[in-house]
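Those protein sequences? They're chains A and B, same order as listed. Going by numbering that gives the first Met the number 0, the first residue of the first sequence is number 0, and it counts up by one from there. Going by numbering that gives the first Met the number 0, the first residue of the second sequence is number 0, and it counts up by one from there.
These are computed hints drawn from the structure, not numbers from a lab. Note that the structure is a prediction, hence the values are computed from the model and not measured. Warning: the hint list may mix true and false statements.
Here are some chain A residues pointing at chain B (derived, C-beta under 10 Å) [as the list claims (entries may be wrong)]: (1) F80; (2) A100; (3) G185; (4) R188; (5) E194; (6) V220; (7) I222; (8) P228; (9) Q230; (10) E292; (11) A294; (12) N296; (13) Y328.
Simulated pairs of lysine to aspartate or glutamate, EDC-like, Cα-Cα distance not exceeding 20 Å [said to hold, decoys possible]: (14) K59/B to E302/A; (15) K410/B to E330/A; (16) K410/A to E326/B; (17) K108/A to E302/B; (18) K108/A to E322/B.
Quick partial rundown of chain A residues pointing at chain B, CB under 7 Å, derived from the structure [to be verified]: (19) G93; (20) Q97; (21) S190; (22) L295.
Ideal Cβ placement from N, Cα and C applies to all residues, glycine included.
Protein chains: 2
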Amino acid sequence: MKPNEWTAVEIASAIQSGRTTCEAVTRACLEHIAEREPKVQAWEFLDPELAIAQARALDKRGASGPLSGVPFGVKDIIDTFDMPTAYGSPIYAGHRPQRDAACVAMGRKAGGVVMGKTVTAEFAVNYPGKTRNPFDATRTPGGSSSGSAAAVADFMVPLALATQTTGSTIKPGSFCGVFAYRPTFGDVRCSGVMESSSSCDAVGFYARTVEDIALHRDVLVGIDPEPLPEQVAAPRIGFVRPPQWSKLEPYTQQLLEDAARRLARAGAKVSDAVLPVEFRHAEEAHRTVSCREFALNFTQEIEHHWDALSEDLRNGKIRLGRECSFERYREARALAERCRRGLVSVFEDYDVLLAPSAVGEAPVGWNTGDSTLASSWTLMHTPTMNIPVFKGPNGLPVGAQVIAANGNDRKLFAVARWMYQRLI
Amino acid sequence: MKPNEWTAVEIASAIQSGRTTCEAVTRACLEHIAEREPKVQAWEFLDPELAIAQARALDKRGASGPLSGVPFGVKDIIDTFDMPTAYGSPIYAGHRPQRDAACVAMGRKAGGVVMGKTVTAEFAVNYPGKTRNPFDATRTPGGSSSGSAAAVADFMVPLALATQTTGSTIKPGSFCGVFAYRPTFGDVRCSGVMESSSSCDAVGFYARTVEDIALHRDVLVGIDPEPLPEQVAAPRIGFVRPPQWSKLEPYTQQLLEDAARRLARAGAKVSDAVLPVEFRHAEEAHRTVSCREFALNFTQEIEHHWDALSEDLRNGKIRLGRECSFERYREARALAERCRRGLVSVFEDYDVLLAPSAVGEAPVGWNTGDSTLASSWTLMHTPTMNIPVFKGPNGLPVGAQVIAANGNDRKLFAVARWMYQRLI
Numbered sequence: 000m001k002p003n004e005w006t007a008v009e010i011a012s013a014i015q016s017g018r019t020t021c022e023a024v025t026r027a028c029l030e031h032i033a034e035r036e037p038k039v040q041a042w043e044f045l046d047p048e049l050a051i052a053q054a055r056a057l058d059k060r061g062a063s064g065p066l067s068g069v070p071f072g073v074k075d076i077i078d079t080f081d082m083p084t085a086y087g088s089p090i091y092a093g094h095r096p097q098r099d100a101a102c103v104a105m106g107r108k109a110g111g112v113v114m115g116k117t118v119t120a121e122f123a124v125n126y127p128g129k130t131r132n133p134f135d136a137t138r139t140p141g142g143s144s145s146g147s148a149a150a151v152a153d154f155m156v157p158l159a160l161a162t163q164t165t166g167s168t169i170k171p172g173s174f175c176g177v178f179a180y181r182p183t184f185g186d187v188r189c190s191g192v193m194e195s196s197s198s199c200d201a202v203g204f205y206a207r208t209v210e211d212i213a214l215h216r217d218v219l220v221g222i223d224p225e226p227l228p229e230q231v232a233a234p235r236i237g238f239v240r241p242p243q244w245s246k247l248e249p250y251t252q253q254l255l256e257d258a259a260r261r262l263a264r265a266g267a268k269v270s271d272a273v274l275p276v277e278f279r280h281a282e283e284a285h286r287t288v289s290c291r292e293f294a295l296n297f298t299q300e301i302e303h304h305w306d307a308l309s310e311d312l313r314n315g316k317i318r319l320g321r322e323c324s325f326e327r328y329r330e331a332r333a334l335a336e337r338c339r340r341g342l343v344s345v346f347e348d349y350d351v352l353l354a355p356s357a358v359g360e361a362p363v364g365w366n367t368g369d370s371t372l373a374s375s376w377t378l379m380h381t382p383t384m385n386i387p388v389f390k391g392p393n394g395l396p397v398g399a400q401v402i403a404a405n406g407n408d409r410k411l412f413a414v415a416r417w418m419y420q421r422l423i
Numbered sequence: 000m001k002p003n004e005w006t007a008v009e010i011a012s013a014i015q016s017g018r019t020t021c022e023a024v025t026r027a028c029l030e031h032i033a034e035r036e037p038k039v040q041a042w043e044f045l046d047p048e049l050a051i052a053q054a055r056a057l058d059k060r061g062a063s064g065p066l067s068g069v070p071f072g073v074k075d076i077i078d079t080f081d082m083p084t085a086y087g088s089p090i091y092a093g094h095r096p097q098r099d100a101a102c103v104a105m106g107r108k109a110g111g112v113v114m115g116k117t118v119t120a121e122f123a124v125n126y127p128g129k130t131r132n133p134f135d136a137t138r139t140p141g142g143s144s145s146g147s148a149a150a151v152a153d154f155m156v157p158l159a160l161a162t163q164t165t166g167s168t169i170k171p172g173s174f175c176g177v178f179a180y181r182p183t184f185g186d187v188r189c190s191g192v193m194e195s196s197s198s199c200d201a202v203g204f205y206a207r208t209v210e211d212i213a214l215h216r217d218v219l220v221g222i223d224p225e226p227l228p229e230q231v232a233a234p235r236i237g238f239v240r241p242p243q244w245s246k247l248e249p250y251t252q253q254l255l256e257d258a259a260r261r262l263a264r265a266g267a268k269v270s271d272a273v274l275p276v277e278f279r280h281a282e283e284a285h286r287t288v289s290c291r292e293f294a295l296n297f298t299q300e301i302e303h304h305w306d307a308l309s310e311d312l313r314n315g316k317i318r319l320g321r322e323c324s325f326e327r328y329r330e331a332r333a334l335a336e337r338c339r340r341g342l343v344s345v346f347e348d349y350d351v352l353l354a355p356s357a358v359g360e361a362p363v364g365w366n367t368g369d370s371t372l373a374s375s376w377t378l379m380h381t382p383t384m385n386i387p388v389f390k391g392p393n394g395l396p397v398g399a400q401v402i403a404a405n406g407n408d409r410k411l412f413a414v415a416r417w418m419y420q421r422l423i
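Input sequences plus hints: build the corresponding full structure.
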């Protein structure tokens, strides 16, 4: 196995024990990128010399830290001091921030190598960049964290930073067949990440194993990484047919129902979860809250760069946001709060919930697909993970979404790994 | 009365009716600044030509909008596309952001003139800039929104933007004798405001009347400004002796207790409010939450510019934040959440709470003073206002803090005005 196929845990261990160097790992990733990038187009900015210079500097001073020599991709909505950050918009082509976002600076401090900036949809909303699905170039990788999901799926890097305001981490994770994780709201600092909707925004994570997700998350919440606890007891799993269930492809419904049965046979206590009544309005409340916040946050661009915004953004979420009254916005926030409180008692009966990540396989074309399976959970502020456990009728990835109670991120990891091991 | 002494409401009305021009108002403010700035030192960046150019452009196209021709100051922690933003740190001297913060762009869109950037403490935390108290140059104006509070108090501008993470809006408001307002958490967008602690950060407001505060707030939450409702019924006021009561100067205790009696005589229903038991831990929880978030958000500066950080920040809040475990941080957030829920029932009995804004008059020297009277309310996410109603033993301003339930910002304005009219 070439180093670009190693996990972050394997890379850090190999480097710390002197079995390889940061430079060798970075070069292996760069070679693979050079080969695959013309097809996948995951990178908005990539300077091989800059990546190698970081790796050499780490080798020289003796790489230490939990991410020793681990290359990671950074979604181009996240500021970097040594690389341009264009936020997926021609308005900011070549823009050079003066400081790293906290999530980037903390990754470097832990020994990581910033490989480059990955393609994002315009302002991390909808309008897609150039990235293609690594399994089928006629299809979307999903968005808005398109490049980060594709780069990890394609073995270009073991880790990549994403963001999620609607479904921007979970959906591309499902379409590209990687582990995708959105932490408990507020646990990972967003300083230096372009704000689109502060009531919903979170830093997201991609990796090819749960252990790598857990490692990267521990680094970014500022704790010494700990091994994941083994899930010894049979987990209590609540099966969720969300209000959008009828939108799912029949094969996705089938895959999820089969999975619930298989997990029960493997010893899990599985039953249908009853969500708070307000949850059926959560998708709409999320749209109300996020779109109104977009419309205000992008005032500068609306006033000065209207023609440089995509038609999609102008006539889509910005228009929705501008049409929304402050009263309706506040009501939606209040509904979200009631719904979050209602979920607390749901999680007294379950360790995790099992729900769809996306409607089905990645669709053909440029549209990044339906995000509504993820958006309600975004508003709930709960930690959530895509586990890449299914294949659709075209042999393409379809994920399942696993959700834990607010603050139970490590339980989420342990149970998600237990489920993954029994479903693949 | 010269135009620099007019309120924002008066300026907008005079300009809209053609009685004066944006340029004339801006020039009047600039003349006053030229005279007073050597003593007060409120401005981190001020380019008279740039301010006049904005005013002329507004005159040329026919100023419209609720802030027509109203000059406002912008705390130098808030990004502006046409002026440098140094965040109160030598690390970012001359830094030029590429876009306006949402709160600045919305103010311009409403017809306002960005007068310049006002002095902030380092990263909006503690370490003071050059500004002096306009009433006594030997004393602090308070911080971190030092320049904004001083500029409004000194009639340099009718409005100024602040921020509050601990007590950075309310405390300088008390020391400088102006109305100061921190909105319900999440109501005003923070995009483009340097993040220090996203669990606590909010945009703050200064003005010399409640009506001006309300006008500016309506603009920044994105609604058409409405006249303040008259407070017709006698308000129900809960008097608060917070856990920090014994730290107050005896004269501050006396002033507040007298005020409660006077308000009762004026018809208000005043009684001692009983706060949730957890509230006595709110000050400590605020410190835990905010300091840990500082320490992570400033990773870039800690790693690359350690020597350019003040000793005060390094050995103060950054050290506290680094010593704090993730568990303790999460417990403090959970305590805050319980306390917020407990407050909901307190506000069933009261329209507002009346509490101290600060320990007493502005202290002599550079230290920006004690923020702990404000910090617990910051963590509560409730809207809060300083009303400039008292004078201390040296004839300097001392304020009272008025707090309303989450979302009741307009009720706060109406009751605060009622109280102000009866206390001055």
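Status of the hints after comparison with the structure:
1. F80: holds (7 Å)
2. A100: Cβ of A100/A sits 8 Å from chain B, so the hint holds.
3. G185: holds (6 Å)
4. R188: holds (5 Å)
5. E194: Holds: closest Cβ of chain B sits about 4 Å from E194/A, inside 10 Å.
6. V220: holds (6 Å)
7. I222: holds (5 Å)
8. P228: Violated: closest Cβ of chain B sits about 16 Å from P228/A, beyond 10 Å.
9. Q230: violated (21 Å)
10. E292: holds (6 Å)
11. A294: Since the shortest Cβ distance to chain B is 8 Å, the answer is holds.
12. N296: Since the shortest Cβ distance to chain B is 4 Å, the answer is holds.
13. Y328: Holds, because the Cβ-Cβ distance from Y328/A to chain B comes to roughly 9 Å (cut-off 10 Å).
14. K59/B to E302/A: This hinted pair holds, its Cα atoms lying about 18 Å apart.
15. K410/B to E330/A: holds (17 Å)
16. K410/A to E326/B: holds (15 Å)
17. K108/A to E302/B: At roughly 8 Å apart (the allowed maximum being 20 Å), E302/B and K108/A satisfy the hint.
18. K108/A to E322/B: holds (17 Å)
19. G93: violated (10 Å)
20. Q97: Status holds, d = 6 Å.
21. S190: Cβ of S190/A sits 4 Å from chain B, so the hint holds.
22. L295: Since the shortest Cβ distance to chain B is 5 Å, the answer is holds.
The structure fails hints 8, 9, 19 (numbered hints given earlier, in ascending order).
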